[in-house]
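K.L.:
The lines below spell out each chain.
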Amino acid sequence: MPETLVVRLASHLKRHALWDALLWFFPPLLVFSSIAVFLYHSAWVGRETLIVVAAPFVGLALLTGFLRFRAVAPLRRAAAHLIDERVGGKDRFITLATIQPSLCPPFLLARLRREASGLMRHLDLAGDFPYRIKRSFFQSLIGSLSVVLLFLLFQQIGSIFVPAPDNELAPLAQKLSPIPRFSELARSLEMLAARMRDQGLSAAEKRSLIREALKRVESQLAAERQLGGAANDLLNQAAGALRGMEQGLEEGQEQGAGGLNNDQTGKGKGSGKDSGQKGSGKEPGELSALEIKEQKGGQPERGERQEMGRKQAGKNHGGGEKDESGKEKSDEVKGMGKEEAGGKGGKRMEEEIPRGKTAERFLRPGEQGEKGIKGARFVTVELPEEEAGGSTGEGGLGKRRGFRPKVPISNAPLRPPDSPDAAPEKQPLPLEYRGLIR
Amino acid sequence: MEPEKYREQFSSLEAEVRKVIVDHADVIRKILIAFFSGGHVLLEGVPGLGKTLLIKSLSRALGLSFKRVQFTPDLMPSDITGTQVLTESDGRREFQFKQGPIFAQVVLADEINRATPKTQSAVLEAMEERQVTVFGETYPLEPPFMVLATQNPIELEGTYPLPEAQLDRFFFKLLVSSPAPEELMEILHRTTGEALQGASQVLPNNGAEIIVEMQRLLRQVLMAPPLEDYVVRLVHATHPAAKKGDGAVPEVGEYLRFGSSPRGAQAIILGAKGNALAEGRVHVSYEDIEAVIYPALRHRLILNFQAEAENVGADQILAAVIKKVPRD
Numbered sequence: 001m002p003e004t005l006v007v008r009l010a011s012h013l014k015r016h017a018l019w020d021a022l023l024w025f026f027p028p029l030l031v032f033s034s035i036a037v038f039l040y041h042s043a044w045v046g047r048e049t050l051i052v053v054a055a056p057f058v059g060l061a062l063l064t065g066f067l068r069f070r071a072v073a074p075l076r077r078a079a080a081h082l083i084d085e086r087v088g089g090k091d092r093f094i095t096l097a098t099i100q101p102s103l104c105p106p107f108l109l110a111r112l113r114r115e116a117s118g119l120m121r122h123l124d125l126a127g128d129f130p131y132r133i134k135r136s137f138f139q140s141l142i143g144s145l146s147v148v149l150l151f152l153l154f155q156q157i158g159s160i161f162v163p164a165p166d167n168e169l170a171p172l173a174q175k176l177s178p179i180p181r182f183s184e185l186a187r188s189l190e191m192l193a194a195r196m197r198d199q200g201l202s203a204a205e206k207r208s209l210i211r212e213a214l215k216r217v218e219s220q221l222a223a224e225r226q227l228g229g230a231a232n233d234l235l236n237q238a239a240g241a242l243r244g245m246e247q248g249l250e251e252g253q254e255q256g257a258g259g260l261n262n263d264q265t266g267k268g269k270g271s272g273k274d275s276g277q278k279g280s281g282k283e284p285g286e287l288s289a290l291e292i293k294e295q296k297g298g299q300p301e302r303g304e305r306q307e308m309g310r311k312q313a314g315k316n317h318g319g320g321e322k323d324e325s326g327k328e329k330s331d332e333v334k335g336m337g338k339e340e341a342g343g344k345g346g347k348r349m350e351e352e353i354p355r356g357k358t359a360e361r362f363l364r365p366g367e368q369g370e371k372g373i374k375g376a377r378f379v380t381v382e383l384p385e386e387e388a389g390g391s392t393g394e395g396g397l398g399k400r401r402g403f404r405p406k407v408p409i410s411n412a413p414l415r416p417p418d419s420p421d422a423a424p425e426k427q428p429l430p431l432e433y434r435g436l437i438r
Numbered sequence: 001m002e003p004e005k006y007r008e009q010f011s012s013l014e015a016e017v018r019k020v021i022v023d024h025a026d027v028i029r030k031i032l033i034a035f036f037s038g039g040h041v042l043l044e045g046v047p048g049l050g051k052t053l054l055i056k057s058l059s060r061a062l063g064l065s066f067k068r069v070q071f072t073p074d075l076m077p078s079d080i081t082g083t084q085v086l087t088e089s090d091g092r093r094e095f096q097f098k099q100g101p102i103f104a105q106v107v108l109a110d111e112i113n114r115a116t117p118k119t120q121s122a123v124l125e126a127m128e129e130r131q132v133t134v135f136g137e138t139y140p141l142e143p144p145f146m147v148l149a150t151q152n153p154i155e156l157e158g159t160y161p162l163p164e165a166q167l168d169r170f171f172f173k174l175l176v177s178s179p180a181p182e183e184l185m186e187i188l189h190r191t192t193g194e195a196l197q198g199a200s201q202v203l204p205n206n207g208a209e210i211i212v213e214m215q216r217l218l219r220q221v222l223m224a225p226p227l228e229d230y231v232v233r234l235v236h237a238t239h240p241a242a243k244k245g246d247g248a249v250p251e252v253g254e255y256l257r258f259g260s261s262p263r264g265a266q267a268i269i270l271g272a273k274g275n276a277l278a279e280g281r282v283h284v285s286y287e288d289i290e291a292v293i294y295p296a297l298r299h300r301l302i303l304n305f306q307a308e309a310e311n312v313g314a315d316q317i318l319a320a321v322i323k324k325v326p327r328d
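Chains A and B, in that order, give the protein sequences.
Sequential numbering from 1 applies to the first sequence in the working numbering.
Sequential numbering from 1 applies to the second sequence in the working numbering.
With the rest of the complex left out, here is chain B (with noise of 0.2 angstroms):
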């Protein structure tokens, strides 16, 4: 594929997100990055800002299967992978797989932390594997395969808080704000009106080879050795363990527990790729590195006690670390 057409989709779809969602155009382009880049996206936010919404009207953008799962107490591991069921047909009866709402290509695990971590865990070989085990037998999943799940900051009672472990296997975490007065005023004209109008297939209905391409497209897109460098030097540098004349920064050590897994590289380098397609480029720049950085390590670092009794952020880690790691 080449780098314009790329371009030329990833706009449209993202255009036709933004017809139902106002604002949020970073979150959306976001998602669309952590997309094409082959990972998933844990997005927080309060209720009744749209992510849901969001959620459904990119996937039909996409023309992709969908599934929501609302995760609850009692939801049960194979309500999400699906189960063995008894079937009969021409008198003989046989147990049959019927798959789950995971077997979509587009899955909203919506306020995942709601379920119990066994059935969290059941989502887990789903994400990072891509394929379903049930009584012994493995199905894979379709390709393209995206699980977006939500989680509410606020409620945190009968919640159980994903593990680090499962926190790491999403690509990005993102962070949706409310919106501001102009834009709630939008949302307020687009939603009361006579009807709602959804977001349309942008993507033909071969989609989904056309994403496969994208997504290797996304992977060969030019990356220098200095800038590599520089990604690696900023995750390290989040490790409250790394010397002082190794690019530590006195935040880290203070506030961290834990500094980021090699998957955040990872998820830098592919969200870096991505953002620079998205701009037109096919090599990464200083700028989307930095531009992806948040979201690929916010959900990375392990605050320690001291953070959380200040009120200290991952964000604002990660601004310290910006700042005092040199680019050159």
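Isolated chain A (complex conformation) (with noise of 0.2 angstroms):
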């Protein structure tokens, strides 16, 4: 029956437009699912994320898929006419499956099936209507490793412009090596930033290596400052590079955003937020290479202390940029380790040149320092009554009001801060000041 052989065709062809939908389909997907399990897997977004943009994805992609499907699938009249076209029918076939047959003369619809069965034996449905891979496919496939491909080159291009805190280990681990006793904890040091490029390890794990290592450094920073040993300073910088990749671990499991590889973006949004939130990139216990070097007991030298008035001020000024001041910092604390080997003759200088013990720490702006605090420093400014009362702390004003100033007092010897005439007002200046006012 003519009828029968195109309802036949209709659903091979059907069939056909269910693997095109499928294969249409499936690249993105694939795609999708690998980007998916990637950002999953490096701790990029968490479970409820993935959970919350795959499932409308996968939705949306399945109801894309069943239209496209639908759209493409051919109904009874459409496989009537690719039957007519391939034997060149004339419109029997067509004619056959869309036609009333109540309504036609019987004899004449008895012909004209006639007719179509003379034609229909020259067809061979699986021979003359092959599967062929669609147009629709290879698009697909093209689009799904367009995007692949962007992906990739985005997370090139995040690598190069954000360095990877294990770029900072590794040369800390070449600087380490040569020291004999220290040649163990290179080579861990050394491992430990090869494993944080693998990016099979899951976050949790990259953070306990980083925990035993520093655990390492610490015990032997601990050995060495016992020893008063002079490579402390590559120690304290190991211990504080690997302290921001354990805090950049935490702040990118955290957000789930910020940046492309887990590493890199860790360190540059905890860097950040540190100094948005403190006016400086380090935690309580963190130390820059500059405080570790005023902590062992030498002034900064002179390159130093610009390059910190540098970093202050750029403290002060760019506070919500996060991104750029954890790489400010990254970059500061590598300029360090250059100078560190490059300039020598300063440190030796610097060894040669006995100096007081360092201040543990500056107190941070609104910090009341406690009386008698190890290192603080502090400078009493005694004020005329007039000045003090009249003050608003903006410039000019006696001049508006036509006061003339006394002379100041301000560089007057201060009174002792035990003695009862002592100025109430304190003022705590860095380290750096103290000289002048001397």
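Bear in mind the hints are in silico, worked out from the structure with no lab data behind them.
Treat the hints with care, as some may be off.
To be verified - Stretch by stretch, here's where chain A covers chain B in the computed footprint (C-beta under 8 angstroms, at least three residues): (1) 24-32; (2) 273-286.
What the hints assert, rightly or not - Simulated crosslink set (DSS-like; lysine-lysine; CA at most 27 angstroms straight-line): (3) B:Lys67 <-> A:Lys90; (4) A:Lys90 <-> B:Lys5; (5) B:Lys5 <-> B:Lys56.
Backbone N, C-alpha and C define an ideal beta-carbon position, used for all residues, glycine too.
Fit the two chains together into the complex; they arrive one by one in their own frames, and the hints show the way.
P.N.:
Shown next as structure tokens:
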């Protein structure tokens, strides 16, 4: 029966359409799944985020696939038209497939069926209508591959512009390795740097590795302190870098966004956040290389002082620029390392000139220093009563009022702090300016 | 009637007319299709192309009564329909209806556009109703009935172009073109020899019954709904008011004042059925539709001034319509 043939062809072509829809739908789904798994595995997105994003995407993709299937799945009419074209049926099959037999003269319908049956002998469904991969699949494939390439490209670009923390770790390990007592530690740090690049490691695994390494570095640092060794700087830098990496991982997992690589992003985020909140890109226990030097007992060198001044200014101005601040910090640390390596003469001089013990830390803006805090420096300034009473902190006030200030007496010798007429105001002053006031 | 029998008769008629008429195979076929569809044909062409001979040959081959009316400006309606004349028989005088030439089965209205609109409209009722009313009395016309009108497209002085309402009553409008050199040579051989051989009768004496049967069979030809839908879309596309996304064609909006009437769609379907039977098929194909769309619609499209100014014809617009309207 020609009508049966039309039905068979229609279902045959529907299967083709189903394959087309699946093939069209498969590459983007695969790409999306890969990216999602990658992001989840590298702790970029949490389980909930993944579900929230993936569920609508998969739903939308399924719906689109179904609509596409419906759009391309041929009806009986289209199947009949195809048979007509194939066998030269001159619309016999489309007539038989669509006409209502009860409304037709039976003798004409019988004759049409006879003619169509004669033609359908030349038709082989599988042979004449083989499945061919459609252009839509290739378009989908190319589109999906482009997305993957773009993803990889962005990842590469990200890794170029944002230095990975293990980039700091590896040079430090190289610097430590010539020193015989640190060779073991250097090797372990090198291994850690290599493992940090492994995408297969989860964030938790990376964190545990970092903690282990940090313990090792801290124990080594404690031993060195006891011995009074000169390589404490490198160990401190290594400890700082490890802390930064750990914090970066934590931040990256918490926020699930902000960069391409977990490690890279973690670093950028962590440092930036700190600088925004505290005006310094460090944790309370974390010390920069400069501070480490100070802590060790030496005055910062001239260049380091200038750099520190710039850093302070940068922190004050760009507290909100998290990533840049973070990057800046890593650059500074690098810069310090370079100075360390290149400026040996300066270091020797520093060793030769005896200096007093450095303050453990400075007071931060707004922080009230406790009396007798170790290393804290205060300058007590006494202002005249007229000035102190009328001052609003704005420049040029006296001029507007026609008030002629008396000779400033702020440079007058200070009363001892414990004397009864000591000034009530206390102004914390950085160490660098101590010399100027004196 | 069996389709095979139909085709046999159709081919015989075609062959017989072609014995007399050189070329114009398509015109002959279309006239026969229109005849078996029960329609009337308007032939347009310059004088001397054998239009009258074609029609005479056809009527002779069909074995039907044939009358020719030369339309002139002074032709009166009663000259066509007939009139009451006073007759005397057995000493009694009475009015008797004298049939006009319209009462033939095949009527040739030669140069129909030369008659006044009043006379032209006298043919209107006969064509559509297949009856004539004279002095309040109605006289039916004997089936099969067909009017074949001719008109000259160049000599327009002193003519009365057919109004749209009357044009719409013609099933097909066929264009008779000038013969090619080889065909002209053949015409000369046939017409300048010893004797001109006319067409002989193909159908037997009871030809009218056979023709009615053939007409009935033609209407039974199978037509798939998608093809009917295609015809509807084609006709709809000729309307300038058709919306943009509704299969509208830009040329239609630009050059047409009015599109085809529903009679146009009827003519396409019946013509396609006739074409299918002539091809030996019992079902209509898309090709049949496209074969008859030009003669069925070209006189039903009312061109605007811009089309006249730019010398754009209805056939050009129909070609655009066929091109733009998809089959499925």
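K.L.:
It remains to establish, for every hint, whether it holds in the given structure.
P.N.:
Cross-check of the supplied hints:
1. 24-32: violated (count 0)
2. 273-286: With 6 residues in contact (Cβ-Cβ under 8 angstroms with chain A), the coverage given for the region 273-286 of chain B holds.
3. B:Lys67 <-> A:Lys90: Answer violated: Lys67 (chain B) to Lys90 (chain A) is near 40 angstroms, above 27 angstroms.
4. A:Lys90 <-> B:Lys5: 21 angstroms, holds
5. B:Lys5 <-> B:Lys56: 24 angstroms, holds
In the structure shown, a violation is registered for the earlier hints numbered 1 and 3, in ascending order.
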